[in-house]
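Q: Given chain G, work out where chain C should sit, using these hints.
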Amino acid sequence: MFIEVNDIKKSYGEGGSYVQVLKGVSTGIQKGQICAILGPSGSGKSTLLNTIGGLDTIDSGSIKISDSEISKLNPKELSLYRRNLLGFIFQFYNLVPNLTVKENIQVCEYLTKTPLDINELLEVLGLTEHQKKFPSQLSGGQQQRCAIARALIKNPELLLCDEPTGALDYQASREILMLIEKINKKYGTTMFIVTHNTAIKEMVHRVIKIKDGQISQDYANTVLKPASQLEW
Amino acid sequence: MILNKRIIRELKENWARYGALAFLIIFSLGLVVSMAGSTDVVNYTIDKNNEKNQLEDGEFSVYVPLTENQQQELEKMGARTEAAFYVDLSGPEKSVLRIFKNRNSINTIELEEGRLADHRGEIVLEKHYAEKHGIRVGQSIEVDQKNYQVTGIGTVPDYSNVVQNVSDVLADLKQFSIGFVSESEFNQLLAEDINVEYNYSYKLDGKLTDSELKEKLVDLDFDKTKVANKYMQEIIDTIEKGKNDLSGGVNDLADGTQKLANGANSLKQGSNELAEGAGSLVSGTDQLSSGLEELTNSNTTLNQAADDVFQGMLAQVNSEFANMGMTVTVTGDNYSSVIDSLIKTIDGSDANTVIVLNTMKAQLDSYKAFKDGLTAYTNGVESAYSGSVELSAGADSLHQGSEAVANGVNTLSNGSAELNSGMGELKNQVTNFINENMAYQYVNLITFLEAGDNQRITSCKSDAAINKNSALIAGVIILTLIAYMISVFVIHTIDKESAVIGALYSMGYVKKELLKHFMILPMLVVTASALLGTGLGFMLIGENIKENVAYYSYPGYAMVFPPYLLIYGVLLPILIALLVNYTVINSKLSLAPLKLLRREKKQHQLTSIDLKEMGFINRYRIRQLLREIRGNITLFCGLSIAILLMVFGFSIYGSISAYVNNVASDVEYNYLYLLKYPMETAPTDATKAYTESLTADLYLTGGEMDVTVQGIDDQNPYFDFSLDGEKNEVVISDSVASKFGYRVGDEITLFDNLTDRNYNFRVKAVVNFASGLYIFMDIKDMRELFGQEEDYYNTLMSDQELDIEAGRIATVITVDKMVAAARQMFTMMYGLVITILAASVLLFAIVMYLLVKMMIDKSAFSISLIKVFGYNEREIKKLYLGTTFYTVALTTLIAIPASKMIINKIYPYMVSNVSAGMNATMSPQSYLIMVAIILSAYAIVNFMVGRHLKKISLVEILKERE
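So the protein sequences, as listed, match chains G and C. According to the working numbering, the first sequence is numbered sequentially starting from 1. According to the working numbering, the second sequence is numbered sequentially starting from 1.
With the rest of the complex left out, here is chain G:
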């Protein structure tokens, strides 16, 4: 397994405000797979994604990426882990407002010695004509594409997507999903996608449903539906 998650528990707060968000979650995916994490709000899906991404700590359990335990890493090592292995995509894009599309991508190009070809990436993501625009000049879908390009430029082994279509309309969402599919095929990037959109489960290799901090369903799709055919 490329990613192995074993019995991880995570809680917040103390006393009256104590909440156990993850109550012993175990799962894992193979390299190059796309995994969708589904579940209602507050179920713990984003927390699971964040712990895998090293943005949040766990109370117990283990998270192994390529057989390396990341839950024991210190903040510096976690930075290095994210720098070398990860790409992130967020619901609200989080682009640097006063950098152009290309520059936003270059922000992450700076972090690696072996970046992908930026022009090719721009081309793949359909941003070539927008590369000199600032985020405020782009639509939501274009901004998210820019965010994806920024995440991919490092050619990460693992791409973590937190509600990548959450702020987008139907058409834009479909385009983003098609893009994710395309990237996975083109670059073989392993992906975790946290989403409320249940339609996505049909296009991914693996589906994990979380409910109340526990995995309620964890299964692999044998037949994948192209993103372009998804309906919701």
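Since the hints were derived computationally from the structure, they do not count as laboratory data. Some hints could be false.
What the hints assert, rightly or not - Straight-line Cα separation of at most 25 Å, SDA-like style, residue types lysine to any residue; simulated pairs:
1. C/12 to G/138
2. G/132 to C/10
3. G/64 to C/582
4. C/511 to G/92
5. C/546 to C/564
6. C/511 to G/81
7. G/113 to C/108
8. C/496 to G/113
9. C/5 to C/496
10. C/595 to G/59
11. C/214 to C/108
12. G/132 to C/520
13. G/76 to C/582
What the hints assert, rightly or not - To spell it out: a stretch of chain C is covered by chain G in this simulated footprint if at least three of its residues, at any positions, have a beta carbon under 8 Å from a beta carbon of chain G; those stretches are:
14. 2-16
15. 160-169
16. 752-762
To be verified - Just a sample of chain C residues kept apart from chain G, beta carbon distances all over 12 Å, derived:
17. 26
18. 465
19. 594
For clarity, every value in this text was computed on a predicted model and none was experimentally measured. Note that CB positions come from ideal geometry on N, CA and C, so glycine has one too.
A: Only chain C this time, still in chain G's reference frame:
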């Protein structure tokens, strides 16, 4: 790093903010560097000039000029001296020109124009005087009714502050200055003018200290007959006469004592003889008394026998009568008349009977005479005896008395001998006293002033130094504030971009990279501003130095670029910004990536304060204020600094205004004459006083400052306080109290530099008297303390100008002159006051605008939200800008009194070199004006930010998550 590309864009997007901050830095540094740089330029120019023109190490004045031998002797000891004699003459427009001869080796003249006065009828003038009177080289000037051609204009290092007297508060450059003539011209003036001051400048070569030189000068012999000043000669004559009278009196006394001793000796011998004679007399009288006693004892027998003989004779006569047939009987008492009657009866008829009768009568007469004689004798013997007894007793008393007299005379004689001997000693002692102590009257030294204590030399640099120190301290405070403001803006940016930063962290960026990135812009702004500000500061030096150049007298200045100022102007702001920004930004970037992504903010405890049932608007405002507590605290600090500057400006204005007014109101006499040589009889229309100049330790500078001790009596019409009390009690002026920090009940020590003597006083009361630094005491006590005669005075106060010979006067102080000098100070400081006020208003407005705008920007989401809810502009203004009003109002309420307290504490240090107590005073009008300025600035900023508020779009809420 590609991220850094945004820096220029960030700068462009927020040009107003960064521009305003840069302006503040440039403006502040411009002011600070120009002020500090001006000081350095002044110091450099003066130091260079002092070195070039051989500034004295000190100066002294004497009654009789030193002889050449004495000067050579001093030089051998290590003190090179040069005569700097002067006469004060009347110049144009009632001014006084102090004329010196050209100097050779000490305090030489630095000419700015023309040449030295080489010939008779030529003069070189001090540059400010020439300028104020519009005199140029080549023109002529009338000095003491004599025309001089001005051959040069320049300065000398010992009169950089051109004050007539060292203790003068301010120079009046139009009314008093100095001029230099050739030696021959000066000698001519000396011949004409008796009021010459024999002043010398000295330079030490290291072998001799100032105090050793002073001691030497005190001991230096001089020929008092050569005292040229007639008034001094009068004093010497009076003292000499007194001395001679004392000496003659003692001689007379000695002679008299000798005579007394001789007389007492003779008296002693006489009294001894008398005592001996009295002893013999006692013995004789005793014997006499004893003999007379024996005689007295036989008196009765003798008298009885005589009576018996007489009676027998009478019986014989009666018997004869009977025989003669006469029937008469005679007794001792009637025998004479009976016999005479018988004779008459016979009447020649019987001559024989008549003869017998006459014979009988003659016999009876002789017997009666014998009897009476015997009775008289015995009575005499008795009296003699009685007398001898008394004589004996008297002789005894006489003997005893004479012995007492002898003893007394002996004592007297011994005493007079001792007196005579003591008188000899007294005479010797008096002679010694006259020789030793009365010689002090002729110590040639009048004044001795080290260069370091001479405000003519020091005040320019010390004045500049105070400005420099104040400016540098103010600069650090303002720079720290600005650096902090910048960091607040950076934090605002970080907060605004929190999610982006979180995303960057998620991608693998490390804190160091982002810290570096976020620090670049503030550091660039600060660095560029620091460079520009420092450059501007150096450019403004010429402007800043104007007032100093216009007041003090020194040659044209040369620009200097002291390394420390470059460090202060460029490196210090960078360092402060680096430190502040690093600390603040580092702390902000230390948040976990997830928190940044979620825009989680630490909620300050204050934000959850229970506001009870407060009205909605006020509650909202307070919540907003607490939410933006950092911005509001920064605003509070910034506005406080601006208010501090404002209070400082108003305090300078108030302080000088109060000084001008108080001088005019506290000083009730119109003329004060300080006399070098008081007249024997003072003018009747003047009030006498006694003035001494002493020094007191000035804690503000760690040095000393001259104070005037003035002895007045209770009848003095110009002062309404009482001086009754102990002999060492004094009443001090509020000026002295403020300057030296003295209070009622304090024991104070004043020092006489010339005599190296300390005087201790106790402060009895503090009275209003703004002019100079005065300490008042009872004139009688003061005369006694300073060893002056009972009627001594050296000061006259008057309502009218007095007709006093010029040569007797040391200084005339008029209220008009004092007020004029104070007004001149006011004019000098006016520019500074305006600059400070303008700077404070600018700082106030810019800080408020930037911070309020930033806080509005931060609240853009919620403003947008309440716009969506339907709040109108007026209500939104109330909610958001009303918060600022709380901060401004609170700052005004706290900062004004706090600033006043701070200025009250530091102001004395800033005016520590002024010879008057000046407090940081602000009139009620100043407070009102200040509040009006604050409110006006607030209104303007409110209007400008209000416009910005309008621009916040309704869709803001759709663009961002909070």
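Q: If a hint holds in the structure, say so; if it does not, say that too.
A: To see whether the hints hold, each was checked on the structure:
{"no.": "1", "hint": "C/12 to G/138", "result": "21 Å, holds"}
{"no.": "2", "hint": "G/132 to C/10", "result": "17 Å, holds"}
{"no.": "3", "hint": "G/64 to C/582", "result": "36 Å, violated"}
{"no.": "4", "hint": "C/511 to G/92", "result": "22 Å, holds"}
{"no.": "5", "hint": "C/546 to C/564", "result": "23 Å, holds"}
{"no.": "6", "hint": "C/511 to G/81", "result": "15 Å, holds"}
{"no.": "7", "hint": "G/113 to C/108", "result": "75 Å, violated"}
{"no.": "8", "hint": "C/496 to G/113", "result": "30 Å, violated"}
{"no.": "9", "hint": "C/5 to C/496", "result": "18 Å, holds"}
{"no.": "10", "hint": "C/595 to G/59", "result": "18 Å, holds"}
{"no.": "11", "hint": "C/214 to C/108", "result": "23 Å, holds"}
{"no.": "12", "hint": "G/132 to C/520", "result": "24 Å, holds"}
{"no.": "13", "hint": "G/76 to C/582", "result": "19 Å, holds"}
{"no.": "14", "hint": "2-16", "result": "holds (count 7)"}
{"no.": "15", "hint": "160-169", "result": "violated (count 0)"}
{"no.": "16", "hint": "752-762", "result": "violated (count 0)"}
{"no.": "17", "hint": "26", "result": "25 Å, holds"}
{"no.": "18", "hint": "465", "result": "48 Å, holds"}
{"no.": "19", "hint": "594", "result": "5 Å, violated"}
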